[in-house]
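Number of protein chains: 2
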Amino acid sequence: MSDVAVTALCDIYPDRVDALAGPVAEASRIKPRAFTDYRAMIDARSAYDALIIPTSMITHGIIALDALRAGIYTAIEVGGAASLEECWALVRASEEHGAPLMMLENCCYGRRELLVTNLARQGQFGRLMHCRGGYAHNLSELLVEEHDNNRHMRIYNYMGRNGDIYPTHGLGPYAKLLDINKGNRMVSLVSMASKSRGLPLWISENKGPGHPFAKTDFTQGDVITTAIRCANGELILLTHDTQLPRPYSRAGLVQGTKGIWIESDIGKDDEPPLHFRRMGMLHIEGKSPMAHDRPNLRELWEPASNYLAEYEHPLWREYLEAQGNGVNAISAGMDTIMLRAMIDGIREGRAPIDVYDAAAWMSITCLSEESIQAGSASVAIPDFTSGKWIERKKEAGKYSLD
Amino acid sequence: MSDVAVTALCDIYPDRVDALAGPVAEASRIKPRAFTDYRAMIDARSAYDALIIPTSMITHGIIALDALRAGIYTAIEVGGAASLEECWALVRASEEHGAPLMMLENCCYGRRELLVTNLARQGQFGRLMHCRGGYAHNLSELLVEEHDNNRHMRIYNYMGRNGDIYPTHGLGPYAKLLDINKGNRMVSLVSMASKSRGLPLWISENKGPGHPFAKTDFTQGDVITTAIRCANGELILLTHDTQLPRPYSRAGLVQGTKGIWIESDIGKDDEPPLHFRRMGMLHIEGKSPMAHDRPNLRELWEPASNYLAEYEHPLWREYLEAQGNGVNAISAGMDTIMLRAMIDGIREGRAPIDVYDAAAWMSITCLSEESIQAGSASVAIPDFTSGKWIERKKEAGKYSLD
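Going line by line, the protein sequences match chains U and Z. Heads up: the first sequence runs through residues 25 to 426, numbered per the working numbering. Heads up: the second sequence runs through residues 25 to 426, numbered per the working numbering.
Source of the hints: derived by calculation from the structure; they are not laboratory data. Check each hint, because a few of them may be wrong.
One copy or two, either will do: identical chains are not told apart, so a pair holds if it fits within one copy or between any two.
Lysine-lysine pairs mimicking DSSO-like chemistry, simulated, CA-CA at most 30 Å apart [as the list claims (entries may be wrong)]:
hint, residue 1, residue 2
1, 282, 55
2, 412, 219
3, 417, 239
4, 418, 282
5, 219, 239
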């Protein structure tokens, strides 16, 4: 990105800062200032326009809070909150110091998620009733390897905790679609967990009894479902599923009074064209095919890719035209588009995924833990807008998800 | 079935009895006795070996109770219970009078459900952690038409009620797979409902404002999810989704420490071979394909039909051999196999889906209503075996689902 420079770097490990300084200087055409204490980097705020905080799930909130209190435009990586107070603190700091917080939830800018968003915004599904999303990704090997070889502590979240500890990939796109915090809000949830077996089984079978984690008690349920009720009566269902051998999925579903879309990655991997399966399947009343020989089983699925020509989101249309490659782009693209959304936000002083979204989405983690510990009790989700959701207006900007 | 005769008939509407008497006599080679009062039919119990009660969801329990109390082998159609007391009454009547009750849950004998059962029983999924099922079937037109033209009152369940009113198609196969009532049991559930919009919308758009139901308040949520916790720590998720335009699905999923299967009907309707899509997709660790170019996204789906040659259930192998048609049989077959299971049960004095199964499965309906009315409260599921589930032994018979 020729209009962007990384002017400062911080990592608690000096060797990482050293290793990154050269490549970053080359890409940014300027030598970055280097820090190993994030507070020093915050103090040097004249050196940059905004901070990206991609630290761990249990540190990015703490660092973001200090950054917001210093009035810095703050972008944070995804992850759930450990307490409601952490969410409230981010909201109050952003409000008090006039500093936007943006959550870098790349899945909100995914090609299929934006195709579905565009279809929904143009009324193709009718009135929305139900959305599903999730994070189904077998992390067993990764959790151990990144701990052992990369000073990465994510696996500690699987000891002691038990809840949807990574809710935003599955929730973000559909929270935006359901107008959460702008005309709607999430009011309550219930979570339920299966027992925890996958991770210790993988470790014992693949790392042997001598591995430091071989005798660890893991508490995080292998599969966790969370049902969320919205103020306007919609039902959201989330899944967290990261310790069992299974194909990756974000478990998407959008259902309304006129149609339904489901994520579907189940084609063969070499089946052309790739976007056929990666856009999912849908049925839209009055448009999609019907079976004529089965009186009460008439609706049929069709590939959502059939609607790309008409309903591709403008952000993706632009991106693919710039790439000159309209078929296979799926994941790199959403990161790029999201980062451009952030840069636009820094310039305009706004955040398309703002502090209220971040607080609400992150709160699902500690609330799902609370619900599970209380025997799947129904727990209230705070209104982090303090009532403003009733009147908050949607934004029109190019990168807006409203 | 040359070894079976229908020797008596009962319907509250005399014209229906009259219309059926001829065809039944021809098929059974004997003139059936005819009744319009079910109590009279129960009193004539020497006329038959067993009763099938396929009346409505809110009458079959009442009639079954009278039949059990008369010591009759009783088979009932599927459907949920209106109260826990109804479930207990069936259990106590069956125990006290030594009369088996069998629930005619045909989906338990579906080809793909039995393929998955066979795969699971032979350890292909490892230790089971999570199952999903549901009833996703757009009934809007059917509910109105059957009421207006066929004296069928099912639509009244959509007024006043709000819960999973038809849980057994989705629950039955997986309750058996998880050994519910024989070594395991369902201990608690939470349900959440979306608002209710689909049915009145369909009626107003298709039947006009003059239709008797055009101004009815429907209460049944369009989409209802129910999470069930099992004594051994497994998590079951059910969906009820019958008022929105969407393709049919029973939303099946079976997941364990070594693999996962999902129902999948998303191929094109004319895609050959039909069983490719109708058997669903799976991933089994160590057997299914892996992607080599994506380090942390390696597991791939493959068609479950790949496993038919080795893991087709013996009941289906026999059925398909008798049919001389191994490809397209799917629905008719499961009804036939289920009825043969019932006939075997009548002869042997047993029920492969017995009164404890029926009570537990039917109880999900009134418990989901209770949970929703109490704001998605966690509610206990009774142990209808009164503790016997801890020691109850699996049965070996040909039609056993244990």
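- Task: Please name the hints from earlier in the document that this structure breaks, with their numbers sorted from lowest to highest.
- Result: 1, 3
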